[in-house]
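Engineer: Okay, here's what each chain looks like letter by letter:
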Amino acid sequence: QSNVTVYGIADVYYGFGKYDDNKFNGIESGGIAGSRLGFKGSEDLGNGLKALFTLEYSIDLDKNEGVGTTGLRSRQQFVGLQGGFGFIGAGRQYAPGYFYVAKYDTSAIVPLSPYHKFVGANGSNIQAGSASRVNNSINYISPDFGGLTVNAIYGFNEVNQDNNRTAGDLAQIGAQYNNGPVSVGLIYSQVKQDAAAIPAGYAIAGSDETKKEWFLGASYDFKVVKVTGMYNTVKDATVDGDDNNVWALGAIVPVSAAGSVRLSYASADNDTDDTDADGWTVYYFHSLSKRTTLYTGYARISNDDATRHSLLASTAGQGTDENASSFVVGVNHTF
Amino acid sequence: QSNVTVYGIADVYYGFGKYDDNKFNGIESGGIAGSRLGFKGSEDLGNGLKALFTLEYSIDLDKNEGVGTTGLRSRQQFVGLQGGFGFIGAGRQYAPGYFYVAKYDTSAIVPLSPYHKFVGANGSNIQAGSASRVNNSINYISPDFGGLTVNAIYGFNEVNQDNNRTAGDLAQIGAQYNNGPVSVGLIYSQVKQDAAAIPAGYAIAGSDETKKEWFLGASYDFKVVKVTGMYNTVKDATVDGDDNNVWALGAIVPVSAAGSVRLSYASADNDTDDTDADGWTVYYFHSLSKRTTLYTGYARISNDDATRHSLLASTAGQGTDENASSFVVGVNHTF
Amino acid sequence: QSNVTVYGIADVYYGFGKYDDNKFNGIESGGIAGSRLGFKGSEDLGNGLKALFTLEYSIDLDKNEGVGTTGLRSRQQFVGLQGGFGFIGAGRQYAPGYFYVAKYDTSAIVPLSPYHKFVGANGSNIQAGSASRVNNSINYISPDFGGLTVNAIYGFNEVNQDNNRTAGDLAQIGAQYNNGPVSVGLIYSQVKQDAAAIPAGYAIAGSDETKKEWFLGASYDFKVVKVTGMYNTVKDATVDGDDNNVWALGAIVPVSAAGSVRLSYASADNDTDDTDADGWTVYYFHSLSKRTTLYTGYARISNDDATRHSLLASTAGQGTDENASSFVVGVNHTF
Numbered sequence: 101q102s103n104v105t106v107y108g109i110a111d112v113y114y115g116f117g118k119y120d121d122n123k124f125n126g127i128e129s130g131g132i133a134g135s136r137l138g139f140k141g142s143e144d145l146g147n148g149l150k151a152l153f154t155l156e157y158s159i160d161l162d163k164n165e166g167v168g169t170t171g172l173r174s175r176q177q178f179v180g181l182q183g184g185f186g187f188i189g190a191g192r193q194y195a196p197g198y199f200y201v202a203k204y205d206t207s208a209i210v211p212l213s214p215y216h217k218f219v220g221a222n223g224s225n226i227q228a229g230s231a232s233r234v235n236n237s238i239n240y241i242s243p244d245f246g247g248l249t250v251n252a253i254y255g256f257n258e259v260n261q262d263n264n265r266t267a268g269d270l271a272q273i274g275a276q277y278n279n280g281p282v283s284v285g286l287i288y289s290q291v292k293q294d295a296a297a298i299p300a301g302y303a304i305a306g307s308d309e310t311k312k313e314w315f316l317g318a319s320y321d322f323k324v325v326k327v328t329g330m331y332n333t334v335k336d337a338t339v340d341g342d343d344n345n346v347w348a349l350g351a352i353v354p355v356s357a358a359g360s361v362r363l364s365y366a367s368a369d370n371d372t373d374d375t376d377a378d379g380w381t382v383y384y385f386h387s388l389s390k391r392t393t394l395y396t397g398y399a400r401i402s403n404d405d406a407t408r409h410s411l412l413a414s415t416a417g418q419g420t421d422e423n424a425s426s427f428v429v430g431v432n433h434t435f
Numbered sequence: 101q102s103n104v105t106v107y108g109i110a111d112v113y114y115g116f117g118k119y120d121d122n123k124f125n126g127i128e129s130g131g132i133a134g135s136r137l138g139f140k141g142s143e144d145l146g147n148g149l150k151a152l153f154t155l156e157y158s159i160d161l162d163k164n165e166g167v168g169t170t171g172l173r174s175r176q177q178f179v180g181l182q183g184g185f186g187f188i189g190a191g192r193q194y195a196p197g198y199f200y201v202a203k204y205d206t207s208a209i210v211p212l213s214p215y216h217k218f219v220g221a222n223g224s225n226i227q228a229g230s231a232s233r234v235n236n237s238i239n240y241i242s243p244d245f246g247g248l249t250v251n252a253i254y255g256f257n258e259v260n261q262d263n264n265r266t267a268g269d270l271a272q273i274g275a276q277y278n279n280g281p282v283s284v285g286l287i288y289s290q291v292k293q294d295a296a297a298i299p300a301g302y303a304i305a306g307s308d309e310t311k312k313e314w315f316l317g318a319s320y321d322f323k324v325v326k327v328t329g330m331y332n333t334v335k336d337a338t339v340d341g342d343d344n345n346v347w348a349l350g351a352i353v354p355v356s357a358a359g360s361v362r363l364s365y366a367s368a369d370n371d372t373d374d375t376d377a378d379g380w381t382v383y384y385f386h387s388l389s390k391r392t393t394l395y396t397g398y399a400r401i402s403n404d405d406a407t408r409h410s411l412l413a414s415t416a417g418q419g420t421d422e423n424a425s426s427f428v429v430g431v432n433h434t435f
Numbered sequence: 101q102s103n104v105t106v107y108g109i110a111d112v113y114y115g116f117g118k119y120d121d122n123k124f125n126g127i128e129s130g131g132i133a134g135s136r137l138g139f140k141g142s143e144d145l146g147n148g149l150k151a152l153f154t155l156e157y158s159i160d161l162d163k164n165e166g167v168g169t170t171g172l173r174s175r176q177q178f179v180g181l182q183g184g185f186g187f188i189g190a191g192r193q194y195a196p197g198y199f200y201v202a203k204y205d206t207s208a209i210v211p212l213s214p215y216h217k218f219v220g221a222n223g224s225n226i227q228a229g230s231a232s233r234v235n236n237s238i239n240y241i242s243p244d245f246g247g248l249t250v251n252a253i254y255g256f257n258e259v260n261q262d263n264n265r266t267a268g269d270l271a272q273i274g275a276q277y278n279n280g281p282v283s284v285g286l287i288y289s290q291v292k293q294d295a296a297a298i299p300a301g302y303a304i305a306g307s308d309e310t311k312k313e314w315f316l317g318a319s320y321d322f323k324v325v326k327v328t329g330m331y332n333t334v335k336d337a338t339v340d341g342d343d344n345n346v347w348a349l350g351a352i353v354p355v356s357a358a359g360s361v362r363l364s365y366a367s368a369d370n371d372t373d374d375t376d377a378d379g380w381t382v383y384y385f386h387s388l389s390k391r392t393t394l395y396t397g398y399a400r401i402s403n404d405d406a407t408r409h410s411l412l413a414s415t416a417g418q419g420t421d422e423n424a425s426s427f428v429v430g431v432n433h434t435f
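Those protein sequences? They're chains W, C and Y, same order as listed. Add 100 to the 1-based position in the first sequence for my numbering, that's all there is to it. Add 100 to the 1-based position in the second sequence for my numbering, that's all there is to it. Add 100 to the 1-based position in the third sequence for my numbering, that's all there is to it.
Don't read these hints as lab results, they were simulated from the structure. Do not rely on the hints blindly, as some may be mistaken.
Because identical chains share one entry, a pair is satisfied inside a single copy or across any pair of copies.
Below, simulated DSSO-like cross-link-like pairs (lysine-lysine); rule was C-alpha separation at most 30 Å, straight line [unchecked claim]:
| no. | residue 1 | residue 2 |
| --- | --- | --- |
| 1 | 323 | 335 |
| 2 | 312 | 323 |
| 3 | 335 | 292 |
| 4 | 150 | 163 |
| 5 | 390 | 335 |
| 6 | 140 | 335 |
| 7 | 335 | 163 |
| 8 | 312 | 292 |
| 9 | 140 | 390 |
| 10 | 163 | 312 |
| 11 | 140 | 323 |
| 12 | 390 | 323 |
| 13 | 118 | 150 |
| 14 | 312 | 123 |
| 15 | 150 | 140 |
| 16 | 326 | 123 |
| 17 | 203 | 292 |
| 18 | 335 | 203 |
| 19 | 203 | 323 |
| 20 | 335 | 118 |
| 21 | 292 | 123 |
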């Protein structure tokens, strides 16, 4: 038992959402962060070498679900070695995009982040969500070189066939520089495509070409306000020269020892006509302790003539070109 | 890890059941109490305020099942705040019916309780079973006012549609008074009906009217014997003025420092012709320690011309108006 | 929490496999031992009596899976009593075959054991795999009588029907003698057959007769090398007098304080024409600590005119009478 730390997050909120005539009204799991239950530990092997493991599962606090029985079953599962060379692990692991986006996206209420919604719709693998969770992967994280770290991951799609044995394999590499108030992160990601053998969530449907993607994020902390920016471009391999771009700006304003206001704006700029959209959010976080935070906020997305993005409310049976609005109030408890 | 307590119950029994020509013979999980694995903790926030969480999953000790992978996946999952005002929580939580019935039903071997069988068949949400586990719920428990506590829960069905947005929402309120040897509990429960949007387990099929239900339970502890009684009435919204009633009497007789005999009788009195039934049980519990109890007992149900209630044995291919009998011997270990 | 020990194994490897034109290339979970997460504890009841429980679940380290959500959900789940009489438990428990085979099979990389592959193909219930995990079972393990222990298990199939109520019930009994360098184990196992009511993994398809099976294993530790042997025969009830036999030899050679070489050879000798096969393995294990082991190795199976046994690579679309080869390198971490 001394070898294992049991940890997790219990996060639950009341949400109200509206999209055209549809309204959502209820209790949901995972506002600031996905609710989870995890088991981790490390063993000192001598000579500065350590064995590490993490087993982390999604929990759905509001529903009749078990430990990792929903669509998102495991968040991450790996075992690896850490030493002077950095960290190398194998299992189901996060691509660097997960951590970089989480660092620069000030709309930290994941289900209500317009930026997250827009890059997800573009099939991005650089996001603070499941498309950054890589099965069958080998992951390398470098030591910290004066503020600079490099992180590279390779995920096997394991098609187990004669031809196109790398079809669906994902490769992603990121570099991040942190120094005092400054943080900058850059990522390149690609998925080897083969229309017949691409895992769900990776594909640009019907394409046999490699999907390529870039991300740049940065933040500067002025103390009275921390400002952030992000830019993501997914090269859609199905159409020559077709790019889908999303950018975002954000700010975090401390208003008291325990409270902060968080603002964000995101804009999707896609090559296909009438598929743009933009959204903004305003949230307030209030810490009751280091482990327990109350939060509330509002988000709004404006859709284009051909889009139907919504956050909490269903879009079923409703038209395009409508606004989606959402309100939440919740509690996040880390254990 | 110091933030989390891992706890649970491992309960397994040998059971033999007979219904007409069918016979069951085997090992089952969960006699006195459903086998479970849970994770819970609390954080002191100062000023008498506490954050609490509980994550509790069903386990099926006799089968190839994981942590919450059967039909009953989570027993309860919530996070909440406790203070001078009482407790308020959000998640998947127990309605007061769960605790009240468990307190007054002396046939504490849940799968072999005729009362539990009869109220379940009436679609009751006041029972020591899953119909009292409320998804998407807000729950309030009052402080103890000289023996009196009040408990109210509201569960959103989250239909996410334009009309009838409260269809399937459950509301239940209970009051319980405990003072020395006396205990009395009263509950009102309702489910907003809408034939097209009712969650499984809540519905009286095909009805658009609100299902309404009352429960009254009481016990008195004479020391040489503790006696209990319960009454439950479900107003069947599908037929005007049609009520389904179940009542039960029970007794717990301590026979030694470690052993007690438990007796119960339950009777279903329904408005539809030939759907009555009654049943009785006799159990013996023997504690090996505070955490480990051996148990054995016998239950019998007498069916009416149109009922086929059985406890362990299947009724498949068999007629109505038969008797169901069951015998169990098992062990319950709390950890 | 003091009542529960959280434990487990995180084992992950890179594997390359080839069968004819098919090639597998990827990261898999569970080389030396299946990755798992478990919860166990015991309670002293006085007079030399103890209550014990174990809840142990399969985890799939490389995939989006929860705690026991794959085909192998629970490895074992039981509660029992231990005393001067030995141990008696109820739940989902291991037949003695699991432990005996694990003791004598030197190709301790389970997914790459030819012996495991061959006895599995014969429908054996004496193996270091799921066919030795018995649902709805009562298990008895004797005390140690001067090196001799006896272990018997009975699993109910719970057909819950009028006739053939023991159809699919499994009974297995084993005796093992350990004394200094010598170890010998003998097992008899049977499954009551009934073509219409046999659990998956138990059946010899279409047969109404009882499946009978014998196992003999032994090892002798010469210090510079430990040698082992196994013999398994499954009496195929579908054909009169038809037996399927597998035998294996193995050796473990310590080559340093931390390293050992493991060799094995296995041969399947079946009555049906052209269904024989043989295979050999060579592995190297290197301990970084008592809890963390690196491993690598190679396995090869030679198929007969009518067999298509493969370890890592798929056989889909490929012919019979081909060789299957596999290479792995991995890490096993116990916590």
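Engineer: Indicate, hint by hint, whether the structure satisfies it.
Structural biologist: Each hint, compared with the structure:
1. 323 x 335: Answer is neither: 36 Å inside a copy and 62 Å across each miss the 30 Å cutoff.
2. 312 x 323: neither (36 Å within a copy, 57 Å between copies)
3. 335 x 292: For residue 335 and residue 292, the Cα distance is within 30 Å only inside one copy (13 Å; across copies 49 Å).
4. 150 x 163: Cα proximity of residue 150 and residue 163: across copies only (24 Å, versus 38 Å in one copy).
5. 390 x 335: neither (41 Å within a copy, 49 Å between copies)
6. 140 x 335: Neither: 37 Å inside a copy, 46 Å across copies.
7. 335 x 163: Answer is between; shortest inter-copy Cα gap is 27 Å, intra-copy 38 Å.
8. 312 x 292: within (9 Å within a copy, 51 Å between copies)
9. 140 x 390: both (21 Å within a copy, 18 Å between copies)
10. 163 x 312: between (37 Å within a copy, 24 Å between copies)
11. 140 x 323: neither (34 Å within a copy, 37 Å between copies)
12. 390 x 323: Answer is within; shortest intra-copy Cα gap is 20 Å, inter-copy 49 Å.
13. 118 x 150: Neither. Shortest intra-copy (50 Å) and inter-copy (33 Å) distances fail the 30 Å Cα cut-off.
14. 312 x 123: between (37 Å within a copy, 26 Å between copies)
15. 150 x 140: both (13 Å within a copy, 26 Å between copies)
16. 326 x 123: neither (34 Å within a copy, 51 Å between copies)
17. 203 x 292: within (27 Å within a copy, 44 Å between copies)
18. 335 x 203: Classified as within: same-chain Cα gap 24 Å, cross-chain 54 Å, threshold 30 Å.
19. 203 x 323: Answer is within; shortest intra-copy Cα gap is 16 Å, inter-copy 56 Å.
20. 335 x 118: Answer is neither; intra-copy 32 Å and inter-copy 35 Å both fail.
21. 292 x 123: between (40 Å within a copy, 18 Å between copies)
Going down the numbered hints, you'll see the structure goes against 1, 2, 5, 6, 11, 13, 16, 20, while the others check out.
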